[in-house]
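Asker: Just need the whole structure built from these sequences, with the hints factored in.
Chains as they are written, first to last, in the working numbering: chain G, 17 to 450; chain U, 17 to 450.
Among these hints, one or two may not hold up.
Same chains, same names: a pair is fine if it fits in one copy or spans any two.
Claimed, not checked - Below, in silico cross-link-like pairs of lysine-lysine (BS3-like), each with a Cα-Cα straight-line distance of 27 Å or less: (1) Lys361 x Lys169; (2) Lys338 x Lys361; (3) Lys105 x Lys169; (4) Lys361 x Lys105; (5) Lys105 x Lys338; (6) Lys169 x Lys338; (7) Lys361 x Lys89; (8) Lys338 x Lys89; (9) Lys105 x Lys89; (10) Lys89 x Lys169.
FYI, nobody ran anything at the bench for these hints, they're computed from the structure.
Remember, it's a predicted structure, so these values are computed and weren't measured experimentally.
Number of protein chains: 2
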Amino acid sequence: MSLIHRLTSQSAQFDAELRTLLAYEASEDESIEHACAQILHRIQHEGDTALLDYTQRFDRLTVEQASALEIPKAELLAALESLPADQRKALEQAAERVRRYHEHQRSETWTYTEPDGTVLGQQVTPLDRVGLYVPGGKAAYPSSVLMNAIPAKVAGVPELIMVTPTPDGVRNPIVLAAAALGGVDRVFTIGGAQAVGALAYGTDTIPAVDKIVGPGNAYVAAAKRRVFGVVGIDMIAGPSEILIISDGSAPADWVAMDLFSQAEHDELAQAILLCPDADFLDQVEAAIERLLPTMPRADIIRRSLSGRGALIHVRDLDEACKISNHIAPEHLEVSTRNAQDLLSKIRHAGAIFLGPYSSESLGDYCAGPNHVLPTARTARFSSPLGVYDFQKRSSIIQVSESGAQTLGPIAATLAQGEGLYAHAASAQFRLNQS
Amino acid sequence: MSLIHRLTSQSAQFDAELRTLLAYEASEDESIEHACAQILHRIQHEGDTALLDYTQRFDRLTVEQASALEIPKAELLAALESLPADQRKALEQAAERVRRYHEHQRSETWTYTEPDGTVLGQQVTPLDRVGLYVPGGKAAYPSSVLMNAIPAKVAGVPELIMVTPTPDGVRNPIVLAAAALGGVDRVFTIGGAQAVGALAYGTDTIPAVDKIVGPGNAYVAAAKRRVFGVVGIDMIAGPSEILIISDGSAPADWVAMDLFSQAEHDELAQAILLCPDADFLDQVEAAIERLLPTMPRADIIRRSLSGRGALIHVRDLDEACKISNHIAPEHLEVSTRNAQDLLSKIRHAGAIFLGPYSSESLGDYCAGPNHVLPTARTARFSSPLGVYDFQKRSSIIQVSESGAQTLGPIAATLAQGEGLYAHAASAQFRLNQS
Chain G
17 MSLIHRLTSQ SAQFDAELRT LLAYEASEDE SIEHACAQIL HRIQHEGDTA LLDYTQRFDR
77 LTVEQASALE IPKAELLAAL ESLPADQRKA LEQAAERVRR YHEHQRSETW TYTEPDGTVL
137 GQQVTPLDRV GLYVPGGKAA YPSSVLMNAI PAKVAGVPEL IMVTPTPDGV RNPIVLAAAA
197 LGGVDRVFTI GGAQAVGALA YGTDTIPAVD KIVGPGNAYV AAAKRRVFGV VGIDMIAGPS
257 EILIISDGSA PADWVAMDLF SQAEHDELAQ AILLCPDADF LDQVEAAIER LLPTMPRADI
317 IRRSLSGRGA LIHVRDLDEA CKISNHIAPE HLEVSTRNAQ DLLSKIRHAG AIFLGPYSSE
377 SLGDYCAGPN HVLPTARTAR FSSPLGVYDF QKRSSIIQVS ESGAQTLGPI AATLAQGEGL
437 YAHAASAQFR LNQS
Chain U
17 MSLIHRLTSQ SAQFDAELRT LLAYEASEDE SIEHACAQIL HRIQHEGDTA LLDYTQRFDR
77 LTVEQASALE IPKAELLAAL ESLPADQRKA LEQAAERVRR YHEHQRSETW TYTEPDGTVL
137 GQQVTPLDRV GLYVPGGKAA YPSSVLMNAI PAKVAGVPEL IMVTPTPDGV RNPIVLAAAA
197 LGGVDRVFTI GGAQAVGALA YGTDTIPAVD KIVGPGNAYV AAAKRRVFGV VGIDMIAGPS
257 EILIISDGSA PADWVAMDLF SQAEHDELAQ AILLCPDADF LDQVEAAIER LLPTMPRADI
317 IRRSLSGRGA LIHVRDLDEA CKISNHIAPE HLEVSTRNAQ DLLSKIRHAG AIFLGPYSSE
377 SLGDYCAGPN HVLPTARTAR FSSPLGVYDF QKRSSIIQVS ESGAQTLGPI AATLAQGEGL
437 YAHAASAQFR LNQS
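Answerer: In structure tokens:
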């Protein structure tokens, strides 16, 4: 098995090879679907009783009453106080930068008035209550808590409810510290499909929310899909991806390590490099070979790179942009001289990192933009998580008496054409008799 | 069976009665799910062959080759030319007003530069290609073509592909005229799950799109749910709803007719009136009784009102706003003196119609705002269809050399805390050795 695939866009087989490389189908597991349906049904109809039952069964956490599932705010603050100074400072600096960036995303209510006095516009309001799912165990990333909580708070969401499983009662202090910093209002130690159900339907203890965001395992993802419509959900993420467009000007070691930083997430993560300079591709391959043994997560990286990674020789940077637009990567690094010049050629990507100093890892933690990004080519039609995901809009229509005289006949004509006579009459009733 | 339910918020049973009134569960039909899965599978793997087969079978439309499924642009323009003058003028005026309103919704790319030269921002781009589903037969509403097509075009979508079934080859000239006015680029006479599949996966004849919007029957809805992820989709709409908050100041006939204009859509449509004036509720009930026999769609209206409609006596307008926020209606008419004063109390509604002259029917056709609105309480977390549904965002991150020195240590500290060592190394590689 090779270290990493080597492809060239000049090959007659390139299109087929690229298709094979990108192929990824999220498997639907019937047993997970079935279990989730049952869990959600019980939570909806039995509330706290079912929630306590599942929490005992799956997390081996037994409490006398459901209210004991809540972590008091004082404990969140204590977790923050107890962090090592450098970690706390890093978390605070990241939170501050993320907040500052997201302030730019806030939408505001707008209206305009027409000459006849008719007012049209859009009222922008935050969601009332949002649920934030935070995985337990190894996938518990404090940075994810910040990236999900801060946009909700910047949007003005008054109540942000976090749920996170604590198997055997073990709590993760960095995650609780991040919750305190991110402005989370309440935290409950529940997880899995039962936590998603509790947030969607509400129980005596867990308040029903309007939207659920945050990553989770296959059960959480399946449960989120099922409650969609009852509440809003964020996207269901696939494996993480990076695509690097390079002109060979940055050190090969930097590029290799950036590929690693994606590959180390899990073996299905995808790291691809496009470069018109074949020698540079050789240098990167050599760097991969040299640096890989030094990595604590070398096994995962090796499996990811050999399975789904590729170094691709392209004709030129224009072709690189075209291939990138086809792939619509979650993370795109444009590691070239004058990277800015290529920006206008990039149509689809979750986040665009310009220039050699913009490593994806800086964006993952603290540059400011969100690290929750569209995967699996969905950047063609969707966007990073943002403040806009926690605001919604209502059209405002205030027709003046004079405006009703202008609009009435138009509406009546069109309504009659569609056979909707009450619509027509409703418009005609507003016409002044003269 | 009563003409329409009468409730009062002062009743001890009110909460339960309201819950019963609002209860609506979209049924999942196993046979539809199964049929859709099969249709989508065949379209994905057999392309045009399967498409021609299904079109022949379901629409009794036989063509020699798939290219004959396309309606040439000249025919769209001819349809527009052939409209009666008043209908054409009404359609043009509506299109112009809808376009003008939606221009206000366009988002623009933004960036900001930090003191160390780091640039952060968000690039806003239109989707490349969008599919618009337009139902055939009676539910073929030209106004819906405009409401879906215009925001896509205002967003800058270069290719807008419309599909619409033409059973027995019968084409609807008003729908084709609306397509011409709305700026639709190509039209194909296909429908059902097979049309959704063709748009999602592409065939030799039908280009694959990035997002599919527009209403459809249960098969279309099920197919859209299934292809979500491969492409984006708009919301799946439930039955239409109106809620009117009245202080009794508008004519009872106007209010009754506005309730009819919702009820005439279908028997599951919901029309509710909240008013603190019991006498006015009596007047509206009398108006309903008097006006109903004059309506061409009286049967549908009667079934809708008696099944899902209600006149609700409330304590005051404040309570009316609270109940309205709970219901989060698709359409909300605030038919009061100084309606503007209540606006700040309205948190959730698809569209808010202020004042007695703002009948929903004016908004449905020509006021300007979109008539594709969130139903079934989803206005708590979602918005009217808009230009923002046809644009997406990519984060821009251009870290300067100096910025990398500030951000690197923060990212490295947090990455190490999460056990992601390649992330840490990738940030550290950018630190200047000094």
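Asker: Hint by hint, which ones does this structure get wrong, listed from lowest number up?
Answerer: 4, 5, 7, 8
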